[in-house]
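**Q** Sequence:
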Amino acid sequence: MSTSRSTPALSRAAIVNRLRAAGCVFAEAEARLLVEAATSPTALGEMVERRVAGLPLEHIVGWVDFCGLRVLVDPGVFVPRRRTALLVDRAVALAPHGATIVDVACGSGALGLAVATRVDRPTVHAADIEPAAVRCARRNLAPYGGHVHLGDLYAPLPPELRERVDVLVANVPYVPSAAVDLLPPEARIHEPLVALDGGADGLDVLRRVAADARDWLAPGGHLLLETSGDQVAAALDVLAGSGLDPAVARDEELQATVVLGRR
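The working numbering runs 25 ahead of the 1-based position in the sequence shown.
Keep in mind the hints are simulated off the structure, nothing from the lab. For clarity, every value in this text was computed on a predicted model and none was experimentally measured. Some clues are possibly wrong.
For each label pair, taking beta carbons as the anchor points, the in silico distance ranges come out as [unchecked claim]: (1) Val77 with Asp255: 32 to 38 Å; (2) Ala272 with Ala47: 41 to 47 Å; (3) Gly87 with Ala259: 33 to 39 Å; (4) Val257 with Ala236: 35 to 41 Å.
Quick reminder that beta carbons are idealized off the backbone N, C-alpha and C, glycines included.
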């Protein structure tokens, strides 16, 4: 006579100890999220092992809390960072009622989603070169009628958006190539390199976005990009050289810097 044995459930304390031993700083909070996300003791054990092996928690549980929203994040997709809330706040402040919002290099679509939820009657378009990101962004933006396009920056956007975009957001990569290897393993191993590597000085993609922004922005429309504090002067020069009126916003608590260009 055969008997089936179920996998014993890990205790919360045991999970916390495993995570802490693996170097997880917020072991208690992570343990709670893993327990809540698991569908069975077996699944929980597998999820804990994946986290101990270094996979991002967000990829394991399938979502991240971003600007108070549960944003879906699939494996291989860039995980939105808390500091990017500054970019969202500034974009919302600049968006008129019925704004046309475009999020290029959108990743999970978190920026477009976070802005859309705080603007009255928005039209939202997003684009990314990574198929996995596009699939994820479509799931996030579908409840808001968002349109997500596969392709490089502006290339896949509908031509009728030219000179009609009120708010153009882009959380482009801005880590200099030589510094990518210094990133935490969670990022450099499990997130796409195209979402991290910004070229020799970290501003290659920012330059490409700024160069064509005027073609898409409505009169008075704004481009917003995240960057690092030591790149501000160069980034502002890029915006000015692209025919935009440049400005900068900072948040010391978030350790965030955003450059803005107004058409």
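**Q** Each hint: holds or not?
**A** How the hints compare with the structure:
1. Val77 with Asp255: 32 to 38 Å: Holds, since Val77 and Asp255 (Cβ atoms, about 35 Å apart) stay within the stated range.
2. Ala272 with Ala47: 41 to 47 Å: Since the Cβ atoms of Ala272 and Ala47 sit about 42 Å apart, the hinted range of 41 to 47 Å holds.
3. Gly87 with Ala259: 33 to 39 Å: holds, 37 Å
4. Val257 with Ala236: 35 to 41 Å: violated, 19 Å
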